[in-house]
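**Student:** Residue numbers (the numbering used here), protein chains in the order written: chain A, 8 to 323; chain B, 75 to 469; chain C, 309 to 888.
The set of hints was computed from the structure by calculation and includes no laboratory data. Every value quoted in this text rests on a predicted model; they were computed, and no experiment measured them. We treat Cβ as the ideally placed atom computed from N, Cα and C, and that holds for glycine. Fair warning: there could be bad hints in the mix.
Pulled a few chain B residues facing chain A out of the computed Cβ check, cut under 7 angstroms [stated by the list, open to error]: (1) D115; (2) S190; (3) P341; (4) D343; (5) G347; (6) S406; (7) L436.
So the derived list for chain C, only partly shown, Cβ under 8 angstroms to chain B, looks like this [claimed, not checked]: (8) F510; (9) R513; (10) Q675; (11) F777; (12) R778; (13) E780; (14) L801; (15) R804.
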Amino acid sequence: MSLRMLICGCASVLLGLTGCQRADEEAGTAPAPPISDAKLTVYAVNYPLAWMARRIGGESVRVLLPIPEGVDPAHWQPSPETVLEYQRADLVLLNGAGYAGWIEFASLPPGRLVDTARGLEDRFVAAGDVTHSHGPAGEHDHADVASHTWVDPDLAARQARAIAGAFGRLRPELGDDFRQGLALLETDLARLGERLAAAFRGWPDAGVLYSHPVYQYLDARYGLEGWSMTWEPGEDPGPAEWEALAARIADKPAVVMLWEGEPLPETADRLRRMGIEPVVFRTGAAAPAAGDFLQLMEENLARLVEVDVARAGGDH
Amino acid sequence: MKDILYLAWRYLVFNRWKTGILIAALTVIIFLPLALELVLDRSSERLRARAADTPLLFGAPGSALELSLGALYFSGESPAPLEYAAVAELGDTGLATAIPLHLGYRVGLQPLVGTSPDYFRFRNLAVAAGRPLALSGETVLGAAAAQALDAAPGDGVVTAPESVFDVTGTYPVRLRVVGVLAPTGTPDDEAVFVDVRTAWIIGGIGHGHENLEDPTASGSVLKRDDSNIVANAALVQYREITPENLAEFHFHGAIDGFPLSAVIAVPADGKSGVLLEGRYQAPDSPVRVVRPAEVMEELLATVFTVRQYVLAAVALVGAATLATTALVFLLSIRLRRAEIRTMTRIGAAPGRVAAILGTEILLVLAASVLLAGLLTAAAATWGDEMFRWLLLSET
Amino acid sequence: MWLEREGTISRSFRWLAVVVGLMPAAVGADAIIRTQAMLASTIAEIYVEEDAVRLDLEIGLRDLGAFRSLLPYEIHRKMGYGEDPLADRLQRFLNDEFRILADGELLSGQLARIGPAERVRRDEITGEPLPSDGDPETVVNASFMWPLATRPETLDFRLALPAPASVGFVVYHGGVAVNDFRYMTASQVLNLDWDDPWYSAFDRRALRRQYYAPMTGFIYVEPYEVRKEIIVRPRDMQRYVDLGLAGRDTIPVELQADIRQKIIEFLSGHHPVTIDGSPAEPAMVRADFLERSLRTSRVIDPPEELDLDAAIMGVKFIYAHQGFADTATMRWDLFDDRVRIVPVAAVDPTGPLPQLLEPDFDTLEWQNFIRIPVMPQLADVSAPPGFVSQVLFYGRWLLAIIVVSLLWRLVRVVRADRATALSAGVGAFVAIVVAASGWWVGGQGRLSEAATRDVVAGLLTNVYRAFDFRAESDVYDVLARSVDGELLRDVYLEMRRGLVLASQGGASARVKEVELVELEAQPAEEQSIRARAAWQVRAAVGHWGHLHERRNQYQADLRLKPVDGAWKLVAVEILDEVRL
């Protein structure tokens, strides 16, 4: 081998080894794990939660609410196959406050359940249901709190925060996006709350009735001091219920009655004859046929402002 | 060579009793330590693997061994209960996935395990027939449990009563089999899996009965006022949860206070696991955290310590047996002096005689080794089951 | 002797548990006025009780002349003081020399007993009795009693001895020490509060008990943490929240947990704290019954029944903070007739800043004027040698031989053909550079003794530095820089256990300095190093107005190993621990 080659070879070896050493020193750095770009699969137990999840998560989440049309989510009983779908979700959004009794007996992974009303127990309102007792334990309630929490926009905002928090824990790299979505949603809900407050001004003095016990949180938030019947929009209440209503308004007059849906025309007429104006205020538990939750609330607001409670009592 | 073998063989066959006893004794001496090593190594490997696969266990303060054996192998006394609130608490840390376990009930002789869907994912349990658990009242059987109970999807199984003498205790509940798991070679094969809520219903914390507000239930009503209805002893409680009566089931009390036997915590990573352990270091903590791998190592260390003593004993006995065997051969040679003289007289060289005698010994040894080998192979097949049964049934 | 496998810890991690216990206060957040009165020749302990005032006198032989009125007749006569009968002299003593006036009226006293005794050895700071040191001094013990028919509002203790004497005294009212040990003068008037003896106090401010205030507050500002410490009396808290103490004289053990919880709940709504201008919420709150003396304050553990009048409780609010605060404030909002002035102090790494708060000046403010670095600094630990360095550590000799052979060949080539001198010279230069570089690189393949010392010292320092962080994730990450494998988990958990103990006991230490004292190291398998090291740790803790320092020395066998391009401890076996 020529001398030149030998010298060049030594130099090359040295340079190569030096490079190896540098690479050797850097070898301890592990590559960063790839950021997941898969959408979060989120299941909800009612429409307001699903709507809020979509508002917060945007394109990063896939929100599902597999409740058939026309079925009240509060009393829906999913099939086992549907429960298995919920099991496979990244997150299952629960309303809390005892909403959706089927949850109690479904096999769902606790780590993926988000009780959106957790921490709001001090805001819960008694449902006023009849309890039952047996055995040595004595009296106990089964549905002792009202469950339609989202009807109060402030509570809805708190539930939205829980949703955003759950999203952020699973996808911290998208935290800013979720916070932005939450901020916009909170702004909308706050504005809704203010408009409802304005619409309900004067109502407590006039007297408020509810066709069904689903407005407890609305009542608590706006101090309406109303009371509930247990009537259904598509059914005639029956003589006993009319008598009970008459006895109640004799004791405490009322001029408006909120309904989840359109009452029967005869029911509406009879109410008006009694001096009670029926007003449809949909809670939005199930997905509306058209529009979203805010639009549904806009429609509710439009109906509320049409009622002049100061004059309504004098119309019969 | 053939003639030496023939003569040695004929001698051994002629003295079959002596030969049989010698082979049996030598077989035992060779087989025992081999089998012990094999069974212990393989069984401990499986035990370790099961424990190593379970990063952390949370339970009520008490015996770590009891907690680990119960949660991993569904054996022994059911650990002291801890509250279900621990599941949410663990989940809130964000450091681990919490998998509840409720133990203590049985279906026949099979352990009933109340858990959540995460357990199946965690243990890589696949459904071979039917579907996974979806609702309370359903059950998914391990492969061996399905065989033992002779049940398949669509069948029903009934939980074992807790006590025949406690007439006020909980009644057996009929569970609907919705799935059978693929075999895994782990204790999961023996288990009858239900949702943890079903386990609570079996325990009587939840139940279902006719709706007392329904007029048809008047016979079960003791008294009623505006806010409460008191039921009488005629109230019938449902013993099977079906889609039809599911709505009538309910729990009494807050779920956070309901009992669990253990919670498996699956940390997100090594750091999360250590951080989680660190949060439960207070001596007065109502929840204790256990690393099953460490607990099993301690248990196996005890077992292996015992093994050392056993091996030492076996070695002593083996030495004695070999000495006795040697004595038997020596005495036999002495007794066969006339025979040996005859062989010599008829032309057998001394070396040939020695070869015949040596071949007899070799044949005995070879038979013993062969037999010990067969027995060891059998131990390899069934030994770890036996070991687990021995180990876990005694604790 | 040497470690057999990684993760071995043969003893518990006492080397990490530098939770500081009782130590002489190096610095007090309160300025402590110390006298030597407890070492005076004569000690007077006065007990004011419901039915009488009692006096225990311990008269040193040096002061016998001043207390000649109490001497037996024969001794009195032999000492040349005259032949007055003892009875007369006793009357003179009680009427003239040691008088007690209750609301201006002279009390009538009597001698209970007198005789020789051993002097009680006393702590030179607190005056509390200490065990005998085996070399007792003989003194004269005399006990007197002055019956009380009513509850006087004042007691005036007047001393007029016939000769000078050094009399240290302390007064107890209802079991509560009214003052710290002071020298008795001609007159000291004590105002008695029979409803709450805690508030009994002398007219003269100089005789005021060091811990006179019923409530005290402290703000401690440290890296990653701000602490608010409030000291209160459960008896005073009973005025604000029902602790179940009405009508009681003591606090039984079974009530103490509930009392702690109620006081925490009450104080959680008071004395708001801001950090860097923003309201702060505590991450942890802890309350403990304390025993407080001039020397130290300690948590009473195990619990014991406590005298209601003397019991005090410390409540600690810990606020986590990123980094070191710039400002911190605490507004005191609990003033009433009893609590008019509240001694407070803001304590930072440079020391305490005491103040007095009152209704018109109710906010303790602290601002960061510190110029020295206060954030915990992690030590730089050099990286382990790379693969090339390790190879060349052995291979450099071969390289040197090759280069020498090459140079030899170059010389021969030049001799054979001078025309090749230039290229040969270049070749020689390259060869020498290669050899020198390889020799230097190979030299990095093993740590020198000095480098090993730096690595070990750095690792130990960084392990202790993890204590300074509060967020558990930060603690873990800092530890993970210096410790690996099972040892990482064990150290972290031991540290957490230590923190739990510290939070229960009221203090956790900050390590100030780690000094490597001795080191013997040798290479081991897998490029690791086994070392026997001895090091000292200096730690400090501040709580309840006190600052303590502790210095410990440890000896251990260590094993270090390169992991992911960094030196890390993988095994520690403690051999010895000494408190210096």
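**Student:** Are the hints correct? Go through all of them and say.
**Tutor:** These are the hints, each one checked on the structure:
no., hint, in the structure
1, D115, "violated, 35 angstroms"
2, S190, "holds, 5 angstroms"
3, P341, "violated, 12 angstroms"
4, D343, "violated, 10 angstroms"
5, G347, "violated, 15 angstroms"
6, S406, "violated, 70 angstroms"
7, L436, "violated, 59 angstroms"
8, F510, "violated, 44 angstroms"
9, R513, "violated, 45 angstroms"
10, Q675, "violated, 35 angstroms"
11, F777, "violated, 13 angstroms"
12, R778, "violated, 13 angstroms"
13, E780, "holds, 5 angstroms"
14, L801, "holds, 6 angstroms"
15, R804, "holds, 4 angstroms"
In summary, the numbered hints that this structure violates are 1, 3, 4, 5, 6, 7, 8, 9, 10, 11 and 12.
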